[in-house]
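Asks: Work out the full structure: start from the sequences and follow the hints.
Just so you know, the protein sequences line up as chains A and B, in that order.
When you number the first sequence by full-length UniProt numbering, it's gap-free, plus one each residue, and the end is 362.
When you number the second sequence by full-length UniProt numbering, it's gap-free, plus one each residue, and the end is 362.
It is worth saying that the hints were derived from the structure and are not from the lab.
Careful: at least some of the hints might be erroneous.
Claimed, not checked - Some residues of chain A that are not near chain B, with every Cβ distance over 12 Å (derived): (1) F28; (2) E57; (3) F82; (4) V94; (5) F108; (6) R237; (7) K323; (8) T337.
Claimed, not checked - On the chain A side, residues computed to face chain B include the following (Cβ under 10 Å): (9) M31; (10) P34; (11) V151; (12) R152; (13) Y177; (14) Y193; (15) A196; (16) L198; (17) M241.
Here a beta-carbon is modelled for each residue, glycine too, at the ideal position from N, C-alpha and C.
There are 2 protein chains.
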Amino acid sequence: MADSKVSPTPLLKDELDIVIPTIRNLDFLEMWRPFFQPYHLIIVQDGDPSKTIKVPEGFDYELYNRNDINRILGPKASCISFKDSACRCFGYMVSKKKYIYTIDDDCFVAKDPSGKEINALEQHIKNVLSPSTPFFFNTLYDPYREGADFVRGYPFSLREGVPTAVSHGLWLNIPDYDAPTQLVKPLERNSRYVDAVLTIPKGTLFPMCGMNLAFNRELIGPAMYFGLMGDGQPIGRYDDMWAGWCIKVICDHLGWGVKTGLPYIWHSKASNPFVNLKKEYKGIYWQEELIPFFQAVSLPKECTTVQKCYIELSKQVKAKLGKVDEYFIKLSDAMVTWIEAWDELNPVAGSTAAELTNGPKK
Amino acid sequence: MADSKVSPTPLLKDELDIVIPTIRNLDFLEMWRPFFQPYHLIIVQDGDPSKTIKVPEGFDYELYNRNDINRILGPKASCISFKDSACRCFGYMVSKKKYIYTIDDDCFVAKDPSGKEINALEQHIKNVLSPSTPFFFNTLYDPYREGADFVRGYPFSLREGVPTAVSHGLWLNIPDYDAPTQLVKPLERNSRYVDAVLTIPKGTLFPMCGMNLAFNRELIGPAMYFGLMGDGQPIGRYDDMWAGWCIKVICDHLGWGVKTGLPYIWHSKASNPFVNLKKEYKGIYWQEELIPFFQAVSLPKECTTVQKCYIELSKQVKAKLGKVDEYFIKLSDAMVTWIEAWDELNPVAGSTAAELTNGPKK
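Replies: Here it is as structure tokens:
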């Protein structure tokens with residue numbers, strides 16, 4: 001008997017890639033099958049490239065290991081982290097789609113308070129396809145959501161909103177805590193389902209977690225660089241934070257929105273706090289200088305593209321954070337390399353990073 | 001048989017007044033009896049002072065009508081609105097308590113998703129007694145709430161937070177919409193219970209609704225002026241908005257926090273959108289100039305008290321908004337009168353408004 005059910009085409013089916021960094025077999029995809037199977041996956045294999053990663057049957061994917069990254073980027077592969085989930089940003093670079101969703105392989109399908117399984121990807125797509133409101137706070141949260149609107153006192157000139165560049169989703173069960181908080185509260189679990197999506201206001205920084213994240217690659221992709229972490233680097237677990245601070249100041253400058261809130265995923269297992277502490281400890285004191293730096297960043301009017309903004313940011317990183325630690329000089333150079341590699345794989349009309357950094361002076 | 005139950009003393013019992021503006025008998029208090037009865041009420045009777053307002057038995061209250069306001073403030077009574085709920089701010093001025101909770105008389109006890117009646121006052125007290133985090137956004141919302149904390153990437157130097165000046169609560173059932181939105185969506189009801197409290201970031205303005213609002217009167221009281229609305233004025237329904245913009249820029253300047261979210265009250269009845277449109281229409285276009293004005297306000301370092309900030313703000317209102325409409329010149333003068341009246345009823349050590357405005361030039 002033929003199945004008479006007609007499945008609607010999933011939203012953005014041909015316009016979105018799912019990027020997954022991993023070191024193990026992707027059994028976790030079984031649980032996501034109803035939601036992810038229609039989409040294309042980009043798997044970035046971290047660690048030993050000779051290991052074979054098993055992907056469950058029926059998924060459409062491409063997989064890159066370290067040898068592939070080295071082959072494709074040549075010397076520019078130095079900007080892609082090794083032995084750290086920061087390597088995921090290579091997937092953003094090789095994608096040709098307009099939107100990216102990225103998820104960790106220890107994240108499972110969460111349930112809403114009614115017990116229904118949450119289609120996280122669908123909610124992210126709703127978030128990135130509806131406008132953001134970074135210039136004024138709406139007390140009833142997302143004004144574009146069904147059953148909600150702008151409240152009394154919200155300026156009418158701001159009600160069209162602006163394009164949404166990033167949708168930051170949250171986590172039930174294991175919250176995204178740093179090592180000291182993990183150590184102090186080993187048993188804390190997040191069981192609060194907050195039924196809201198909100199725009200993070202212009203001028204406000206936030207801690208962006210890469211575990212459950214979607215973005216408009218055409219808008220903000222070149223700034224979604226996860227930095228130098230892991231093997232050979234003095235720091236880890238700040239890859240997504242770094243990207244979050246960079247994308248936020250650039251979105252603020254270019255007039256785009258960043259949302260946080262729904263959807264939730266179920267984060268299954270806390271990472272080892274002692275290992276995390278070793279990775280994080282430099283970040284924990286560096287961030288006290290990084291936050292004021294990013295809060296004070298000002299991008300000139302001439303920075304009209306993400307690439308131009310990012311190159312300018314890399315210069316300010318070198319000039320101001322280079323004094324904090326020489327790591328930031330290396331990171332600044334890697335930011336430029338990242339843009340060069342991005343532009344090589346994603347040729348854009350107009351100026352290239354090479355022109356921006358090495359071109360003739362005006 | 002003696003009742004062996006021991007009722008705990010309600011939080012802040014002797015440190016909080018409940019301010020209610022009204023034109024009718026306060027039957028709505030019956031529903032609030034279990035939560036409000038331990039507290040002192042300040043009732044500000046609007047409209048005809050010869051009318052008698054009935055207050056249910058057993059409540060401890062003081063009531064002021066227009067004759068009382070005129071008698072107490074003399075010529076300075078001109079700064080208190082008439083025939084508009086903006087008159088409630090007179091109650092803030094005559095209170096001698098550290099905290100204020102203000103609520104409209106068409107607001108009832110709401111239920112949380114489990115069906116439990118919400119003690120709105122208790123939640124507001126929790127909000128004002130715990131710190132705020134205006135300098136960096138915490139993606140798991142209020143980090144001080146049980147089961148929550150600061151997430152990875154949140155600077156440790158900011159985790160002590162700052163004092164909370166204001167707690168802005170929300171509304172189930174009838175949302176706080178302006179007249180145009182009411183007209184377009186006459187049947188829209190708010191049924192979404194968002195289980196969150198969050199700090200509105202520094203530098204971000206919001207539409208503050210006076211329907212369900214608590215604040216630390218000792219910190220921010222002198223800036224909680226609800227302006228000139230109603231009888232004899234060209235505008236209404238912007239009293240709380242005006243106060244919200246003023247308190248936000250002053251809290252940002254002085255380093256205090258403003259929270260929004262829980263608790264919800266049940267807002268029973270939509271006001272008439274045609275009447276509202278008449279009251280609001282000037283506000284609807286003025287706010288397009290007011291928001292940029294407040295976004296650009298800068299208070300000098302010398303403004304170290306709320307009074308000094310507010311007098312400075314009144315000068316900037318006159319200088320910059322006086323061009324928008326002469327109403328703002330009148331409002332600016334009323335802001336000064338309000339501070340003079342406040343200081344008369346609440347003598348403070350050090351400088352008075354009179355010194356600030358008329359004193360010798362430096």
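Asks: The hint names A196/A as touching chain B; please verify it with the least Cβ-Cβ distance against 10 Å.
Replies: 4 Å, holds
Asks: Regarding the hint that L198/A lies at the interface with chain B, is the smallest CB-CB distance below 10 Å?
Replies: L198/A check passes; min Cβ-Cβ to chain B is 8 Å, inside 10 Å.
Asks: Would the hint on M241/A stand, with a C-beta cut-off of 10 Å toward chain B?
Replies: 4 Å, holds
Asks: Since F28/A was said not to touch the interface, does its Cβ keep a gap of more than 12 Å from each Cβ of chain B?
Replies: 21 Å, holds
Asks: In terms of Cβ atoms, is chain B entirely out of 12 Å range of F108/A?
Replies: 19 Å, holds
Asks: Checking the smallest CB distance to chain B, is T337/A really beyond 12 Å?
Replies: 24 Å, holds
Asks: Take the shortest C-beta to C-beta distance between Y193/A and chain B; is it under 10 Å?
Replies: It holds, given that the least Cβ distance between Y193/A and chain B is near 7 Å, below 10 Å.
Asks: Once the closest CB in chain B is found, is it more than 12 Å from F82/A?
Replies: 22 Å, holds
Asks: Checking the smallest CB distance to chain B, is K323/A really beyond 12 Å?
Replies: 19 Å, holds
Asks: Against chain B, with CB atoms and a cut of 10 Å, does the hint on M31/A hold up?
Replies: This interface hint is violated because 24 Å lies over the 10 Å limit.
Asks: The output says R237/A does not contact chain B. Does that hold with a beta carbon cutoff of 12 Å?
Replies: Given a closest Cβ separation of 7 Å, the condition is violated.
Asks: Please verify that hint: R152/A, Cβ, nearest Cβ of chain B, below 10 Å or not.
Replies: 4 Å, holds
Of the numbered hints given earlier, the model fails hints 6, 9, 10; all others are met.
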